[in-house]
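Student: Protein chains in written order, with the working numbering: chain Y, 165 to 559; chain H, 210 to 867.
Since the hints were derived computationally from the structure, they do not count as laboratory data.
A few of these clues could be false.
[As the list claims (entries may be wrong)] Partial list, computed: chain H residues near chain Y (C-beta under 8 Å):
hint, residue
1, N357
2, R361
3, P488
4, I813
5, A864
Heads up, the beta-carbon is just placed ideally off N, CA and C, and yes, glycines get one too.
Listed here are the chains, written in short residue letters.
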Amino acid sequence: MPISRDILEDLDEPSLLRRLTGRDWLWALLVLIGTAIAFDRFHADFGTIQDVLLASTAAGMIALGWFWRQFEGFSLAVTVLSLSAIALYGNSLAAAHRDPLLLFLLSSPVAITWSCALFLLANAIYLLGLAVRSDSASQGLLSWGSRLTWAAVTMGFVALMVRWRESYLLGPAEAQIPISDLFDVFVLFNVVTGLLYLYFETRYRQKSLGGLALLIVSAASLFTFYLMFQFHGAHIGPVNPELRSYWIKIHVPALFIGYGAFAIGAMVGGAWLLRARAERLYPDGRVTRRLPDLQTLDDVMYRYNALGFVFLTLGTILGALWAEQAWGAYWSWDPKETEALVVWLNYAAWLHMRYTNGWRGKTMAIWTIVGLLLTTAGFIGVDVFLPGLHSFGRL
Amino acid sequence: MNQAVSNMHMIRRRSLAGVWLRFLGSMNLAITLLVAVAVASVIGMVIPQNQPFPDYVLQFGPFWFQVFHALGLYNVYSSAWFVAILAFLVISTSVCVVRNVPGMLREMIRFRTNVQAKSLRQMRDLAERDTAVEMQIVLARAERLLRNRGWRLRVLRQGGTVMLAAVKGASNRLGYLLTHIGLVVILLSGVIDGNLPVQIAMAMQGLHVDTQMDVPASQVPADSRLGPGTVAFRGDVTVPVGDSTDVVFLKFGKGYLVQDLPFTLTLKDFTVERYRSGPPKDFVSRVLVHDAATGQTVHATISDNHPLMFHGYDIYQTSFGDGGSRLQFKVWRFTNGGERTMQGDVFQNYPLKGGAQPLMLDLVNFRRFNIIGTQADDRGPSFTYKIRRPDGVAMEYLNYMRPQKIDGRLYYLSGVRSSPAQDYRFLRIPVGPEGGVRHFMQLAAALHNPEARHKAADATAVQAAQAMGKESPAVEQRTTAAVNRLLNLFAAGGLNAIYADIRTRVPKAKQAGVAAASMQIVDQSLLNLYRQVLWKDGGKGMTPKDVAWLQAAIPALGVLPQYSAPFYLQLTGFHQVLASGLQVTHYPATTAAFLGAAMLMLGIVLMFFVPYRRLWLRLEPRADGGTYLLMAGTSNRHAMDFSRQFRQLHEKLFARLD
Chain Y
165 MPISRDILED
175 LDEPSLLRRL
185 TGRDWLWALL
195 VLIGTAIAFD
205 RFHADFGTIQ
215 DVLLASTAAG
225 MIALGWFWRQ
235 FEGFSLAVTV
245 LSLSAIALYG
255 NSLAAAHRDP
265 LLLFLLSSPV
275 AITWSCALFL
285 LANAIYLLGL
295 AVRSDSASQG
305 LLSWGSRLTW
315 AAVTMGFVAL
325 MVRWRESYLL
335 GPAEAQIPIS
345 DLFDVFVLFN
355 VVTGLLYLYF
365 ETRYRQKSLG
375 GLALLIVSAA
385 SLFTFYLMFQ
395 FHGAHIGPVN
405 PELRSYWIKI
415 HVPALFIGYG
425 AFAIGAMVGG
435 AWLLRARAER
445 LYPDGRVTRR
455 LPDLQTLDDV
465 MYRYNALGFV
475 FLTLGTILGA
485 LWAEQAWGAY
495 WSWDPKETEA
505 LVVWLNYAAW
515 LHMRYTNGWR
525 GKTMAIWTIV
535 GLLLTTAGFI
545 GVDVFLPGLH
555 SFGRL
Chain H
210 MNQAVSNMHM
220 IRRRSLAGVW
230 LRFLGSMNLA
240 ITLLVAVAVA
250 SVIGMVIPQN
260 QPFPDYVLQF
270 GPFWFQVFHA
280 LGLYNVYSSA
290 WFVAILAFLV
300 ISTSVCVVRN
310 VPGMLREMIR
320 FRTNVQAKSL
330 RQMRDLAERD
340 TAVEMQIVLA
350 RAERLLRNRG
360 WRLRVLRQGG
370 TVMLAAVKGA
380 SNRLGYLLTH
390 IGLVVILLSG
400 VIDGNLPVQI
410 AMAMQGLHVD
420 TQMDVPASQV
430 PADSRLGPGT
440 VAFRGDVTVP
450 VGDSTDVVFL
460 KFGKGYLVQD
470 LPFTLTLKDF
480 TVERYRSGPP
490 KDFVSRVLVH
500 DAATGQTVHA
510 TISDNHPLMF
520 HGYDIYQTSF
530 GDGGSRLQFK
540 VWRFTNGGER
550 TMQGDVFQNY
560 PLKGGAQPLM
570 LDLVNFRRFN
580 IIGTQADDRG
590 PSFTYKIRRP
600 DGVAMEYLNY
610 MRPQKIDGRL
620 YYLSGVRSSP
630 AQDYRFLRIP
640 VGPEGGVRHF
650 MQLAAALHNP
660 EARHKAADAT
670 AVQAAQAMGK
680 ESPAVEQRTT
690 AAVNRLLNLF
700 AAGGLNAIYA
710 DIRTRVPKAK
720 QAGVAAASMQ
730 IVDQSLLNLY
740 RQVLWKDGGK
750 GMTPKDVAWL
760 QAAIPALGVL
770 PQYSAPFYLQ
780 LTGFHQVLAS
790 GLQVTHYPAT
800 TAAFLGAAML
810 MLGIVLMFFV
820 PYRRLWLRLE
830 PRADGGTYLL
840 MAGTSNRHAM
850 DFSRQFRQLH
860 EKLFARLD
């Protein structure tokens, strides 16, 4: 019996190209224009690696925009603000003292201060949104928390971009991507973690986790303030010649995506514990009403840890490649390398337990939090106290 | 009978091997090993590795030093127990992989079309329904739906029923294999590139580490030399500009081994490139590498992040230092103001004559630049030396060539310390009114001359008497004696001696007043002394400049006894020879390690981001021409996502079946 075509018609999933809208194409066009301008201005100074990095950045941004709409507006905001700051600076750092926009908003120490302050404020409002009695007030507060978080992440990224330019204005000895000392990487951690959390909001249409997820970013923001005011962290110093390599541009961000993901994983673990307790004590309480259910939390915790594991592995392998090139050995048992290995082993064990032995829930949540504490202690401890090839963060 | 017994043995042996295999491949062992590696790594992280042993004794005390030494904690990563854990991890992972390969391959290739309806109904994601649409159409619809979404399918007709089995994300299983094989490859590469080859070579050639320090390679005993055949090593060598080396030194245990290289490396030139603002930008060695066997010669530059690869050996820039600079300097003797010129090379030692006891001078280091912060703060050239007494006690000195400005006045600085653990304490010799240190040396010599000192003290006493008006001769005599005594104390023990004297002889309440008065007397006496010096130096009189200089010189004279050397060495000229610190590595398994890393990376991505999913559709024709459907599925990851996807799929499939 012939099968009528009619009955097969509605089954096909449209291909990627069909699913793209005008907005998607506009986004791609904008990114390509930006890339073309960058290439035109700088290709004389570029080598193959820089060309590849530029092309992958463009491809990555287009894909990320298509995959996550909110990323588009965010990138545009960062671009416009960063370019404005760069234009205001012109060729002299002195502009930071004259121009009110730089002085109060866009010069990197100020923008970092804004970013950290916004994170702290957003966190407080998220927490209020979780705790407040009325459900409609909660909705409103959570939305505001979300907006403030976007603002904080935007300011943080702008700060890093502007800081990059500032280092070039200081002179060739200081010119460096701002991810090479303890202060810089804390700012990087804040924005990466913030962005990773915001993706969760889009993906799960849930804002109630913000108060808990951002706790770690708030702690990091306070530490950033501490570095800034106690140790002149915002000062841009000359760069260690060893760090003059394109590897730093991929090694460090990869690791920080990893650390950021682990951080959120642990915070979600905390949310799991909170909700489990709330379910027992107040089955109809605000926390139980507002936080995602335990199964979702468990799933989200696993996803962030898995993502962190992928990027930790990637960052460590990139580091090994760099080490092979710069120090002659892909592995030296340097304290920082060892710390990365310990963290890697910890999450490898966690993932094995979940996957093979089927562990879920409380133990895994506690393990994630303890794991993050160890990671953090190791990270700061090794950077500050233990001598080694990675001691770039001495106070 | 015999046959039966041997069969039983076979079975038992096989089952014993089976138990072992199960143990070695078990997840619990793997996790235990992961944790063990982590704990060992933390130990190695907290205890600094491969430090000189005396440092550990200092840190832990003699008892714990021995305990930690026995546990191998000073070199955790090449200790037997750590290597054993890694070996177990390799075995455990390998067993796990070997045991899982067949199953994984089956899961990748086979469609499980023989699943019973009963087991399907036990799956988490399940949908059952009836439709009036006939089976063939439902099947066509399902095939189209799933194929379009990237599922691979197999259809099995059994009697009247049709079983459609579909698989998506089979590469997840490949990911598992890649991850674990990659890990084994990395670990094995690590073993090859680790310390083990050197240890094996040592055991096979009966070698011992050499613990002598500062010995040229040619004098290292033969039983501390490794031939050029070592499988893997990492060694360091410092080559002065113009020199060659065909060995590197491997730090090992208590000392080091000498590793012969299959080539000769000559350092033609070494430069430190700096930014205009001061900080170093790059360290660049120009080298010539010559392979005697092939006759091949390569000219190359080595700098940070730009190593030289030569025949499987990688040569890296790691450090720099002095390579035996030639220094000219003046030796000033405090006790008689005498000066003479000397010349010497860094790293050499020379007898220093003319002191109360024979002294040895070790020239330790020379630095062309001493940049603190920016170029504006360059303190200029400096050299470091030790003065060693016959009893072996040595003091270390750091002298700057140029005078340094402190509070508006220029001083020659000379730092002194008794051990590298201390900070230098600086003697500040003010630049004389005519420049240089000559006046200071003359004044110091006069202070150490009893006759001149006596004369100056007497003059001070007379001046005091004049100031106080007429006094009895007894008082005058007492004053003279007191001033003499004070100045003798100052000459022999400096300000410290005067303060100590006051503390023992004067009641506490009056100490401050007496100290101030004493200082006034010392100042006045030194002024008188200096007047003598100037007079002797060609009948010069004292100018206000001289007075100001003396004020700056008195504190230096007051600490001279603590300087612990009768000489001041003033650097006058140098010919700098730099040395470049190079590291030579020979790691044959590097490529394999990165291949393993690539497998690991790809494997992890596949495992985490491509869930392995199965779907079954069981179709049964109904008597009325309709169809009875049973749809079920599983996913090894992202169960919630899959449930959603499963719902969408069956909604889509069933959409036109009503």
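Student: Confirm or reject each hint.
Tutor: Hints, verified against the model:
no.: 1; hint: N357; result: holds, 5 Å
no.: 2; hint: R361; result: violated, 16 Å
no.: 3; hint: P488; result: holds, 4 Å
no.: 4; hint: I813; result: holds, 6 Å
no.: 5; hint: A864; result: holds, 7 Å
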